[in-house]
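Q: Residues per chain are reported as follows:
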Amino acid sequence: MKTLHKFHGGVHPPEHKTESSRLPIGATPLPQRLIVPLRQHIGNPATPIVKVGDPVLKGQMIGAADGFISAAVHAPTSGTVSAIENHAVPHPSFLPDLCITIEADGEDRWIERQPLDYRTADPDAVRALLRDAGIVGLGGAVFPTYVKLNPGQQKIKTLVLNGAECEPWITSDDLLMRERAAEIVAGIEIMAHLMQPEEVLIGIEDNKPEAIAAMQAACQGTSFKVVTVPVLYPSGGEKQLIKLLTGKEVPSGQRPINIGVTCSNTGTAYTIHRAVNHGEPVISRIVTITGNVARPQNFEARIGTPLRELIQLAGGARADTSHYIIGGPMMGFDLTNLGAPLTKAINCVIAASPALFPPKPAAMPCIRCVQCAQACPCDLQPQELFWFSQSKNFDKARAYNLFDCIECGCCDYVCPSHIPLVSYFRYAKSEIATQDREKMAAEQARQRFEFKQMREEREKAEKAARMAEKAAAAAAAKAAAAASGIEDPVAAAKQAAIQAAVERAKAKKAEAAAAAANPPSEQSAAPENNTEPS
Amino acid sequence: MLSAILVMILLGVILGAVLGFASIKFKVEGNPLVEKVEATLPQTQCGQCGFAGCRPYAEAVAAGQAEPNLCVPGGDNVAKNLAELLGVEFKPVGGNEGVGPKPKMVAFIDENTCIGCTACIKVCPVDAIVGTTKQMHTILADPCTGCELCVPACPVDCISMIPVQENVATWKWQYPVFELKKAA
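Just so you know, the protein sequences line up as chains A and B, in that order. Using our numbering, the letters of the first sequence map in sequence onto residues 1 to 534. Using our numbering, the letters of the second sequence map in sequence onto residues 535 to 718.
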């Protein structure tokens, strides 16, 4: 039995997991139209590499990774590219983003799939394959996995697999572990091969007995350990799970890799297995459709499927549905436009009704009871952060480690005054990020301005130097000629040549004058003209 | 009496030597206030303050030769920060209260009208315009600071300023606001 190390705080919200975990993972019919956003991961959006009208095959790359922190996107089925334009995407801003729309041809024909033997291949080749297969962290942060699976010089002690799935309502990882444990373990083997950790721990919350049993069975014969962790939100947070399993705390502002730990979602391990051992990029994912729908269930749906169709598959939303929540109720965001497509980041869509999610009572003043500080899993002081964020005192908020906040919503949950603390923290974080971006842009502008000034100065100096050189040379020649024209043979020769030319010209002039004086009778029309050139 | 005077003189000489040494050893290069003022300015290099760039304006402000409320692109935010930094009373930009920072703009060249005269390239303070004689010019949107210096320079009026659209990457969470409870 592994010793667990409790992290600070945490809450026990109602789980609501059984609604969607009773049915197995459902298949989805092929949608007519798929909308694939190019920004489905943290970092630079993918660059489109197809044109409108191009035929594409299932699994064909349609957007290439751009830069270091980026990942590719692929066609989820075969068909024709009908548009590359801004389309509604599932994002809290409701702003549209660049998407590639594919009209399905119904054949669902795969591109040629090439598995890779990762044991003999160069680790960099495996990582390149992960990038080009569009593998990103499916736990919600969607960080490109190929960047994460690069230990560099760091010795990795522990590889943590996150199957905790602590957020209420969501069961997509649970069902995936129940039904495809062997494939997840095959993916973990690839990760372990790349990272060479001393131990591999798979953390699963104890409210998923079937998943734990399935994973334990699949781990037979390997050195991987399945660790059961008690239900406590947010034990599925990366830093919280690492603390729970290893007792190590990730320092503020650092990544787990700095303390020799890497943490990844079990769903990501599954996609790694599909990509490396079967040559299949990420074109689908497991998503929980639950809440106020007729038949809550998990589906394996293609990326780009309009969310409306997924809600229909679950029997449709009941009449009193007020809005939809993307992700869980603790960390998710509200969405009104169901035309937005499924992306790699979405693990759950909840149809919300006033009965299931009663509106929060109006916020009351903070009474500084510090229940939020007791619940905070990051050891922060939310009551102080709230104070600074509310008064837009961003420097202070940053000094109180606002950026360590994982926006888990525990403080919101326990606040007796119903203050939407996380909304304030998100506001302050995005304001600070914008300020930093503007500072960087200003610094860049300053440097470019100074460079331009420097260049202009240099050009001016060079021009002045050239002019001075010329003037000096001319002056020297003049002085030499004035002082002694005879002494300098070159100047003398020049002088002689000029004299000769002048004499020649004079002779010519005289000849012309003579000709003009006795004009031949037929050329009398324009005699003066001949005198012009000399 | 004499010894007391000698002790005081000796003390004065030693302390004076220490101070003299410190003033050479820990000499502050340049005016640190100029750096602080410059860091507050948005670095558009637009010259709307009447100075040839942000640095000259920062120097003038630090020397007390210019008012701290002349930065038009920075708006009242920058004016407020500068007033706070200098310890003077805040005066709004342009004399009327409520001038926020201008919405971020970026220059755009109508490429059908451009005659390739390079006039705009010469005035761009951050080298954000590419092109050459009798070739079409274009703006690099990323380094463009939206200073508008190129707009009057164009002899055929082909440069316009367009506001930068918010996208998913630059979007910000709003300050939480709530409907007040309806009365009765």
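No lab work stands behind these hints: they were computed from the structure. Please note: incorrect hints may appear among the correct ones.
Here are the simulated BS3-like cross-link-like pairs (lysine-lysine), alpha carbons at most 30 Å apart as the crow flies [claimed, not checked]: (1) B:Lys559 to A:Lys392; (2) A:Lys392 to B:Lys668; (3) A:Lys460 to B:Lys638; (4) A:Lys392 to B:Lys706; (5) B:Lys668 to A:Lys439; (6) A:Lys392 to B:Lys656; (7) B:Lys668 to A:Lys452; (8) B:Lys638 to A:Lys392; (9) B:Lys656 to A:Lys463; (10) A:Lys439 to B:Lys570; (11) A:Lys429 to B:Lys668; (12) A:Lys452 to B:Lys706; (13) B:Lys706 to A:Lys439; (14) A:Lys360 to B:Lys638; (15) A:Lys396 to A:Lys439; (16) A:Lys470 to A:Lys460; (17) A:Lys429 to B:Lys656.
Remember, it's a predicted structure, so these values are computed and weren't measured experimentally.
Q: Has the given pair, A:Lys396 with A:Lys439, been kept, meaning a C-alpha gap of at most 30 Å?
A: With a Cα-Cα distance of about 18 Å, the restraint between A:Lys396 and A:Lys439 holds, given a limit of 30 Å.
Q: Is the hinted pair B:Lys706 and A:Lys439 satisfied, with a Cα-Cα distance of at most 30 Å?
A: Cα-Cα ~16 Å, so holds.
Q: Is the Cα-Cα distance between B:Lys638 and A:Lys392 30 Å or less?
A: holds, 21 Å
Q: Given the hint that A:Lys392 pairs with B:Lys656, does the C-alpha gap stay at or below 30 Å?
A: violated, 41 Å
Q: Between A:Lys360 and B:Lys638, does the CA-CA distance stay at or below 30 Å?
A: violated, 36 Å
Q: Would the pair A:Lys392 and B:Lys706 pass a check requiring their Cα atoms to be no farther apart than 30 Å?
A: holds, 14 Å
Q: With the threshold set at 30 Å, check whether the alpha-carbon distance from A:Lys429 to B:Lys668 stays at or below it.
A: At roughly 47 Å apart (the allowed maximum being 30 Å), B:Lys668 and A:Lys429 break the hint.
Q: Would the hint linking A:Lys392 and B:Lys668 be met if the CA-CA limit is 30 Å?
A: violated, 51 Å
Q: Hint check: A:Lys460 vs B:Lys638, CA-CA at most 30 Å. Holds or violated?
A: violated, 33 Å
Q: Could you grab the alpha-carbon distance between A:Lys470 and A:Lys460 and see if it respects the 30 Å cut-off?
A: holds, 15 Å
Q: Verify the proposed pairing of B:Lys668 with A:Lys452, using a straight-line Cα cut of 30 Å.
A: holds, 22 Å
Q: Please verify whether A:Lys429 and B:Lys656 have alpha carbons no more than 30 Å apart.
A: Distance of about 39 Å is beyond 30 Å: violated.
Hint compliance for this structure: hints 1, 2, 3, 5, 6, 11, 12, 14, 17 are broken, all remaining hints hold.
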